[in-house]
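Residues per chain, in single letters:
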Amino acid sequence: MDETRQMHPEYTLLARKMFLTILVVSYVPVLLVSLTIYLQFRGVYRQKVEDHLVEMVRKHKQQIDAFLHARLADVRFLAQSFGRDTLSEEAFLQRQLAFLQGAYGATFVDLGVIDARGRQISYAGPFKLGQAEYAGAAWFQQAMAERAVISDVFLGLRGLPHFIVAVCSGEGQDAWVLRATIDFEAFNKLVGGIHIGATGVAFIVNRDGEFQTTGPASPIAAEKVFGGYQTCAVDPSRKIHVYSHPDENGVRSIYVTGLLKDRNWLLVYRQQAADAFHQLRRAEKMSLFFFILGGMLIVVMALVISRRMASRVTKADREKEIMRRQVIETSKLAGIGELAAGVAHEINNPVAVMIEEAGWIQDLMEDERISEPEDRAEIQRALQQIHTQGRRCKEITAKLLSFARGSDGSIRLLDINQIIEDVIRLVAQQAKFTHIEVETVLAPDLPPLSGSETEMHQVVLNLVNNALQAMAKDGGRLTVFSEVDGPWIVIGVQDTGPGIPAANLERIFDPFFTTKPVGQGTGLGLSICYGIIKKMGGRIEVDSRVGQGTTFRVVVPVPPTTS
Amino acid sequence: MAVATVLIVDDEMGFVEALARRLTRRDVEIREACSGEEALNRLASDGDIEVVILDVKMPGMDGIETLAEIRRRFPLVEVIMLTGHATVESGIEGMKKGAFDYLMKPCDIEVLLAKVNEAAAVKRRREERIVEARVREITARRA
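As they're listed, the protein sequences go chains V and B.
Numbered continuously in the numbering used here, the first sequence closes out at residue 565.
Numbered continuously in the numbering used here, the second sequence closes out at residue 339.
If you are wondering where the hints come from, they were derived from the structure by calculation, not from laboratory data.
Mixed in with the good hints, there may be bad ones.
What the hints assert, rightly or not - Using 27 Å as the maximum straight-line C-alpha spacing, the simulated BS3-like pairs for lysine-lysine come out as follows:
{"#": "1", "chain 1": "B", "residue 1": "K292", "chain 2": "B", "residue 2": "K311"}
{"#": "2", "chain 1": "V", "residue 1": "K475", "chain 2": "B", "residue 2": "K292"}
{"#": "3", "chain 1": "V", "residue 1": "K322", "chain 2": "V", "residue 2": "K536"}
{"#": "4", "chain 1": "V", "residue 1": "K61", "chain 2": "V", "residue 2": "K241"}
{"#": "5", "chain 1": "V", "residue 1": "K536", "chain 2": "V", "residue 2": "K518"}
{"#": "6", "chain 1": "V", "residue 1": "K50", "chain 2": "V", "residue 2": "K61"}
{"#": "7", "chain 1": "V", "residue 1": "K50", "chain 2": "V", "residue 2": "K241"}
{"#": "8", "chain 1": "B", "residue 1": "K319", "chain 2": "B", "residue 2": "K293"}
{"#": "9", "chain 1": "B", "residue 1": "K292", "chain 2": "V", "residue 2": "K434"}
{"#": "10", "chain 1": "B", "residue 1": "K311", "chain 2": "V", "residue 2": "K475"}
{"#": "11", "chain 1": "V", "residue 1": "K434", "chain 2": "B", "residue 2": "K319"}
{"#": "12", "chain 1": "V", "residue 1": "K434", "chain 2": "V", "residue 2": "K322"}
Said to hold, decoys possible - Quick look at which bits of chain B chain V covers, simulated, 3 or more residues with Cβ under 8 Å:
{"#": "13", "region": "206–218"}
{"#": "14", "region": "249–257"}
The structure displayed is predicted, hence computed values, not measured ones.
Built from N, CA and C at the ideal position, the CB exists for glycine as well.
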């Protein structure tokens with residue numbers, strides 16, 4: 003943690019990028035897969051639930067239809083088997099009712115025979131309906147017209163919900179109707195038996211939207227039910243119709259409807275969607291829980307991994323930077339080593355003078371005439387000379403040491419001209435002995451450049467050393483110049499050496515490329531210079547003509563603060 | 197009489213002067229030059245010079261080039277090379293090109309003096325032999 007807190011902003015950025023990448027890469031597929039599976043599962047589950055409901059409604063629809071038709075068949079059987087006269091005897095009719103009730107329980111409430119004018123001729127049942135008049139009843143008119151009828155539920159004369167199953171026999175004035183009343187409760191049980199979950203209820207409505215069984219406890223949008231009814235009526239191929247709709251309280255319910263009784267009634271099954279799909283909801287909640295848990299795990303892991311990676315990268319970069327500095331330092335020392343011969347000679351000269359002067363004093367001391375004033379003056383002069391030459395030696399070693407001192411790599415504002423002069427001072431002696439004229443053309447008002455002094459020394463020394471070596475055999479002219487070119491500072495090193503052949507020109511910045519004999523060059527000098535300058539945002543240009551010489555131009559951008 | 201007449205050639209004038217002072221004290225006749233070119237001029241104008249003490253490393257015309265020129269133009273003059281840096285190669289190269297000997301700089305004054313004497317002696321012997329040969333030649337011609 004401490005490591006990351008100390009991280010450089012660019013590493014913090016790197017860590018953040020890695021974190022986001024890991025997050026996106028891990029999360030997106032999980033999200034897509036989960037979503038796909040969820041949607042598929044939901045679709046399949048809903049389909050399954052709906053299929054189940056449809057199947058149930060279809061089965062009940064068939065049962066109810068079969069029940070109604072069976073009752074109608076019972077009544078028709080009575081009417082056709084016994085005829086009007088036989089059935090007009092109330093005792094007989096009572097017996098038949100008893101038979102039917104014996105077979106079907108309380109389903110049949112009563113039986114009645116009605117003549118063509120609508121008057122009840124005979125009646126068997128618990129109510130006193132002996133001479134009841136049915137001419138105005140809808141079911142009677144329908145029975146007369148269609149020969150058979152199953153009526154809607156109504157209260158009728160007895161004031162209880164019931165419905166009529168009636169058949170018509172005979173023609174014209176002789177026509178008569180046998181009717182049976184079906185007990186509402188018994189019928190209701192057929193439909194009310196459908197119960198699924200906590201909110202699943204079934205009921206029947208007629209074309210006018212009136213309940214034909216006990217209605218649902220919670221309110222229902224009758225027109226919606228009717229709408230479903232209409233849809234079914236319009237599209238008879240869809241025998242069972244499924245749709246969902248919110249009720250007045252906004253609770254969404256599933257409706258499964260099917261037509262009954264020659265499409266006059268509609269069986270409606272209703273269940274709240276939340277109830278129907280509660281297992282799906284449970285699965286959803288569980289999945290969501292695991293999804294969030296997994297997501298949190300991914301976030302934590304991404305955070306840990308990205309931080310660890312970033313701290314490793316930081317460490318690797320730090321080590322790389324140390325290595326880079328060591329390489330530069332080493333190559334700089336190698337560069338100074340190449341100058342060693344010149345420097346050694348430079349030191350050797352004053353040393354030789356000092357030794358000779360010391361020898362001279364010794365010579366004088368061996369004389370007995372030492373006390374003579376001219377001898378004393380001579381000794382004085384010799385000592386002065388030794389002093390002067392000693393100082394010269396010190397200057398040489400000082401300039402060498404100032405150049406070779408450790409590379410701290412710290413960035414500061416540099417005076418490029420000063421750096422060029424440092425290097426020239428160092429190589430001047432060597433140039434002198436190899437017949438090389440050295441010229442510097444320095445721009446007077448060069449803006450300071452921010453960089454590492456030791457690295458810049460290294461670049462200039464390397465280029466100058468290369469130039470001197472190129473001209474070592476035949477001598478020549480070394481021109482080192484500095485100039486400002488727009489937003490760039492240019493350091494140029496020009497020689498009049500043999501030039502670089504085109505084939506080598508492309509490779510001079512490659513590491514380990516050298517044309518020097520084995521053991522004399524590492525081939526790293528220019529590649530290190532290139533690395534240093536590139537890091538500063540600059541470039542090194544080279545222009546070389548075989549036989550005419552080579553010009554290296556180091557082009558570095560002027561820092562914005564100083565421009 | 198002087199031990200020998202010697203020309204000291206070095207670009208380091210401090211060294212030339214100090215060496216000249218010490219050799220003069222040891223009865224050596226000294227001429228001074230600070231470059232190869234000047235040395236050749238002195239040799240051309242001063243026939244007394246017997247031995248040249250020549251620094252190898254000099255700007256302009258260096259020791260080896262000067263030596264070659266001396267060998268060509270003044271074959272009788274002996275040359276002692278002084279190599280500033282401790283590389284034997286330049287000394288050997290000097291020997292190959294006809295130097296009398298080479299010494300590391302800085303060198304012991306007595307050793308140098310001995311070499312100078314030797315060189316001067318060699319030169320004188322050679323000159324004597326040449327004179328003798330000439331005399332014999334002339335005598336033979338007369339006879």
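**Prompt:** Against which earlier hints does the structure fall short, listed by number upward?
**Reply:** 10, 11, 12
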